[in-house]
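Asker: With chain A fixed as given, assemble chain B onto it according to the hints.
From first to last, the protein sequence lines stand for chains A and B.
Here the first sequence is numbered in our numbering, starting from -5 and rising by one per residue.
Here the second sequence is numbered in our numbering, starting from 82 and rising by one per residue.
Honestly, the hints are just simulated from the structure, not real lab data.
By construction, the Cβ of each residue, glycine as well, lies at the ideal position given by its N, Cα and C atoms.
Hints are not guaranteed to be accurate.
Below 20 Å or equal to it, Euclidean Cα-Cα: the simulated DMTMM-like pairs (lysine to aspartate or glutamate) are [as the list claims (entries may be wrong)]: (1) LYS279(B) x ASP248(B); (2) LYS99(A) x ASP248(B); (3) LYS279(B) x ASP73(A).
Pairwise CB distance ranges (calculated) [said to hold, decoys possible]: (4) PRO285(B) x GLY208(A): 34 to 44 Å; (5) GLY243(A) x ARG270(B): 39 to 49 Å; (6) ASN245(A) x PRO284(B): 53 to 63 Å; (7) GLY275(B) x GLY234(A): 32 to 42 Å.
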Amino acid sequence: MSKKMLLNAVAVIALLVAAPMIMAGDAAAQTSEASRGGPGGPGGPGGPGGPGNGNGAPSMSGHKAYITESGNYNTNTQDQTGSKQTSTNVQSGSNNGATTRQSGKENTAYITQRGNYNTANQTQTGESGAAGITQGGSNNRADQTQGGKDNTATIDQGGNYNTASQTQTGTDSEATILQGGSYNTGVQTQSGSDQYAYILQSGNNNQGYQTQTGGSDNRAELTQGGSFNTSYQTQSGVSGSVAWANQSGSNNTSSQNQH
Amino acid sequence: MRSLVPLMSLAFALVSFPVSAGGLAYIEQSGGGNRAVQSQTGGGSAEIRQTGSGDYAIQTQTGANTASVMQNGSGNWASQTQNGSNAAYISQAGSGNRATQMQDGAANYALIRQSGGGNVAIAVQNGSGNRSETYQTGGGNYSSSLQQGSGNQFTSHQSGGERLIVDQIGNNNSFDSRQYDGSLGMTVRMAGNGLDIKVMQLPPAATAAPGK
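Here chain A stands alone, though its shape is the one from the complex (with noise of 0.2 Å):
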């Protein structure tokens, strides 16, 4: 037998002796991520929400999928029908893609991505769901559909030449966007009632764009700290909406439609 062959057999005997513990382990590991929260909770009028779900803590009834990856050029597609599930995700590289699709009640999505040009896409079909996209680098894109009501939604780059894309429909939802860098964009597109959308970037030559329609009690808020930066706010069915535009710094430019 080879030295390699008599490792491998070592490696196997471990993960013999392991299985039964691993398995035993399973609620544990599963409570510890539980608990980390989700990503983003419900954001306050003057600011986005902090970490921390604000679904509550999922259940474990729902899948569960832990998924590394490191490297560059690699592709990440998962899928999840069902309630209380649970998807994270984490690429470490360039040129990356990943894209979560869940159906169902009460689901959760993380993505991470560490590098530049990594695509990050998220949807979810469903009321009380969370997506979280946290991207570290520049020239990466992410992109976050939800359908349903009480819905979250959080995008966080940082770096420049970034893009943050979010659609919701529906109702009681919360679209958060925060940027630090310069030259970002940040996209959010709500239609329904008591929908709630944040953009937040740190940094020079942003842009911000904010669209609700179809609804009322809407609420707007952008906030822009630098120079050079433009945001754009469109409202319609403007009963109860708030739009609301912060920018500190110079040559900003601002623009609001309310209809």
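Answerer: Below, chain B alone, put in the same frame as chain A:
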């Protein structure tokens, strides 16, 4: 002595496997407390069939080989170790089974099928262009796969209270999984470039027949 041709046809009909010019070893056991060990050097085919409880099977091969273990009953254990360009098959029906497959070399193929509760499947492949598949139906299953090398593929289908752990190291590896009905989920760790992951987790109602 019964003809081996139908048996081998049944076992090897699913996929292509390295053609062996070597010998054929076959063990068939029925009853409890049996043990079977096969060892081959050079090309060959080895098959073990066990029906009963408390069975135990070990196969070790070097060269271009094919190994097959079929166990029906509870408390079974099967272990296959191969070095070269090989194909390995383990089929277990019953509860409390465990299966391990270890392959060194290139263009290996490993298949584990388990039905019943409390099963454990472990597959380890070192080399490139390898392919491993594990299909588990029933509750309380556990599957672990380790592949080191490039161009490797791992496929897993599980239904029940499953748990899946996958480790792949190398470039252009792929992982494809379907889980039904389970809440324990999966942990996947992959390192390399050009990796491809596809995961589907579905409710029990969508459970499909595993395997090909």
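Asker: Take a look at whether the Cβ-Cβ distance between PRO285(B) and GLY208(A) falls inside 34 to 44 Å.
Answerer: Because 37 Å falls inside the window, the suggested range holds.
Asker: Tell me if the beta carbons of ASN245(A) and PRO284(B) are separated by a distance inside 53 to 63 Å.
Answerer: 54 Å, holds
Asker: Honestly, do GLY275(B) and GLY234(A) meet the 32 to 42 Å range at C-beta?
Answerer: 51 Å, violated
Asker: Between LYS99(A) and ASP248(B), is the straight-line Cα distance small enough, at 20 Å or below?
Answerer: 30 Å, violated
Asker: Does ASP248(B) sit within 20 Å of LYS279(B), going by the straight-line distance between their CA atoms?
Answerer: Judged against 20 Å, a Cα distance of about 14 Å means the pair holds.
Asker: Indicate whether the distance between the beta carbons of GLY243(A) and ARG270(B) respects the range 39 to 49 Å.
Answerer: Check passed, 43 Å falls within 39 to 49 Å.
Asker: For LYS279(B) and ASP73(A), compute the direct alpha-carbon distance and say whether it is at most 20 Å.
Answerer: 8 Å, holds
Consistency with the previously given hints fails for numbers 2, 7, ordered from lowest to highest.
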